[in-house]
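Q: If you want the building blocks of each chain, they are given just below.
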Amino acid sequence: VKRLVVIIAVAGCAGEPGGYEPGEEFAGGDTTVFDATGTAYANAAANLVGERRDGFFVGNSIFNRNWVVAPASTSGVDGLGPTFNATSCSACHFRDGRGRPPAPGEPMRSMLLRLDGDAVYGGQLQNASIPGVPAEGRVEIDWEEVPGAYGDGTPYSLRRPSYRFEDLAFGPLAAGVRISPRVAPATFGLGLLEAIPEDAIVAVEDPDDADGDGVSGRASRVDGALGRFGWSGGQPSVRQQSAAAFLGDIGITSSLFPEQNCPPAQTACAAAIDGGSPELDEGKLDDLTYYGQTLAVPGRRDARDPAVLRGKARFHDAGCASCHVPRWETGAHEVPEVAGQTIWPYTDLLLHDLGDGEEWRTPPLWGIGLVEVVNDHDLLLHDGRARGLAEAILWHGGEAEAAREAFRMMAADERDDLLRFLGSL
Amino acid sequence: MLLVALLPACDGDDPGGLDDAHDVVATYAALASAGYADSLDGAETLRGALAAYVADPTTETRDAARAAWIDARLPYRQTEAFRFYGGPIDDPSGEPEGRINAWPLDEATIDYVEGNPDAGAINDLEAFPTIDADALLTANFQNGEADVKTGYHAIEFLLWGQDRSDTGPGDRPASDYVTDGNGTAANQDRRGAYLLVAADVLVGDLAWVADAWEEEAGWYREAFHAEAPEEALRRMLTGIGTLAASELSGERMLTAYENQDQEDEHSCFSDTTLDDILGNAQGIANVYQGRYGTIDGPGIDDLVAARDADLAAEMDARITEMLDAIEAIPGSFDQAIRGEDEDEGRAAVLAAVRAVQAVGESLNEVAVLLGIEIHTDL
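Top line first, the protein sequences correspond to chains A and B.
For the record, in the first sequence the residue sitting at position 153 is 153 according to this note's numbering, with numbers rising by one throughout.
For the record, in the second sequence the residue sitting at position 150 is 150 according to this note's numbering, with numbers rising by one throughout.
Check the hints yourself; a few may be wrong.
Facing chain A, a subset of chain B residues (Cβ under 10 Å, in silico) [claimed, not checked]:
{"no.": "1", "residue": "D106"}
{"no.": "2", "residue": "A108"}
{"no.": "3", "residue": "N116"}
{"no.": "4", "residue": "A119"}
{"no.": "5", "residue": "Y257"}
{"no.": "6", "residue": "D261"}
{"no.": "7", "residue": "I295"}
{"no.": "8", "residue": "R354"}
{"no.": "9", "residue": "H375"}
In case anyone wonders, no lab produced these hints; they're calculated from the structure.
Every residue gets a Cβ at the ideal spot worked out from N, C-alpha and C, and that includes glycine.
Put together the whole structure using the sequences plus the hints.
A: Right, dumping it as structure tokens:
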């Protein structure tokens, strides 16, 4: 266990890690909004007032705005593609929330596949395109049920995805290409995560598992900066994350990523009319960044409920908090509303090996109990394979194997308590 | 914005506290019914004018069709006060709102654009061998929300054409529809067919929404009346609150003001966006006051007046200020947003944004007063 976690657990809970901690309902500190409805992820930070909200509204509009094929009368939002996965941010991050894999027969809308090792298709498969340019291809998912059982003998079944490529425009993918499917993550609370001091995160790193607890968090480094955002911690800032998604997912160039995403073999893509250089002007990128930084974290429900508190104790006992570190203090930030806050994101922002051959950044758990209310599904993990919180825990392996086993061996009422706790986040 | 309602401590002899709301709910349903019926009428008249234009494409018939389009928008833009709470217009099954009123519009998937004379379904004989309702509706939204081939703005594009002008609206010639060999652009017959099919689809979609609110047998209206007054009022206040606090002031006005993108506006081909803005604001006033056309019934204003005279006076004043501030915006909206912050147009737009936001804030206070929780962020 990493040192800081121990300190927090002891200092914060007075020796009783499952106990109620004053203020823990305010998951996002002073930004917190208590909204448990379908708009739970969509609110402006509670402490963002008056004209400080202007940028939030404009950013929200850019987040929802559909980009169109160039040249269009609406020249400020043209330049879609040439290849793309979506035409707006909100198409995937619906209601600022979480995407999911398609149901059988549905097209893939709010998830995508990253590729590693194919020069023709590039780093991401774009399954849509503007007229006159071929889409790269599409993906079908086959699910396989994998049976298992809790320690008390109760059976469960997990589903494992496999991916089939169809309609590939430039022939088969390169041999040995690695694919990494990812659903769109929720977009609230990003300013707070950005405001956690880098040295505090680095202080809990334990890349060589020097303390021998089986958990070896490693900071993601992106050109020297700490990678905090994205499923694998690939982006250091809200601004860069937003611009990277604009290019990779919508095909919109910006000051940070000025070149169209057309690998050399895709000549029609390269020849298509663009929407200006860059297509996203700096003011829009500013506003979109501000929007992501100031989206409020939803407040917790039932934080003092006895079952929730019992579940919280189980969460700590099982070791979940080793990586899903509950509490942080934010430092200085260009957006003062997110600075100096006590927050409860339940992440260490470090990379961990969960046993599937890739390293994943610990995703924050705040707001996870509201996914179903906001997004009408309960599919979790990077590829949406888990149907609900229990399956998500049961898929944990690698560094999290001991924590998973602790959950699997719990009595049914203890498991229920733990899930109640997670549902209250 | 979120304001959690402070639930009033109900005393025993007044458990509901909203007994006077039933008539207000009934007025609202009558407003919705009349608003969509008028929109349907306007669309049918527009369809007639489009048929006359396609049959005999001259500058006169084109201008008559444009005038019919402008008239048809008048009632519709006021009905946007009935959005944002999952009512018939936002019904997830039929997506009528997107089909009727989506913007911005991916015009290059409909017809030719600057630099690409072969663009769009009209010029794509392979993907669209016939232009009919099935073909257009199947193609709708295939590549996202802006890839919309139907609705008011598709018709607007086919009447006015691309607006690449710095000052005026689009200027599509009537000869784009002339089929005797002397026409401009290609596929004039398919363009005419497209226009008529788009009109049919618009009429059909509006008829579906109007039927849902219809006085005698409307399925939604019946269910709406059966709701507890708290729930009906929640929907009513969510609709106008979201329009005021987010959609109109934020999405449609402040964003254009901040970005200064000419044509990043609701009705960009015809440059009638200012009318859209005023119509939206009028729709908010209609619902709050229980008035539209010949209807004048108990409104939300009466509920407020019976409970808090100060807030009632503040709301009345702010509604008037909102409408006045929008009317004070000079010229066309896409011109008004340009230039320096001190310029008359930009100052007027920002003042109007603040006036619409103020109505949104007051509507949130109204919700608190009535003990109802609403969320008005989009």
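Q: Each hint needs a verdict: does it hold in this structure or not?
A: Quick rundown of the hints versus the structure:
no.	hint	in the structure
1	D106	4 Å, holds
2	A108	4 Å, holds
3	N116	7 Å, holds
4	A119	7 Å, holds
5	Y257	9 Å, holds
6	D261	3 Å, holds
7	I295	31 Å, violated
8	R354	9 Å, holds
9	H375	4 Å, holds
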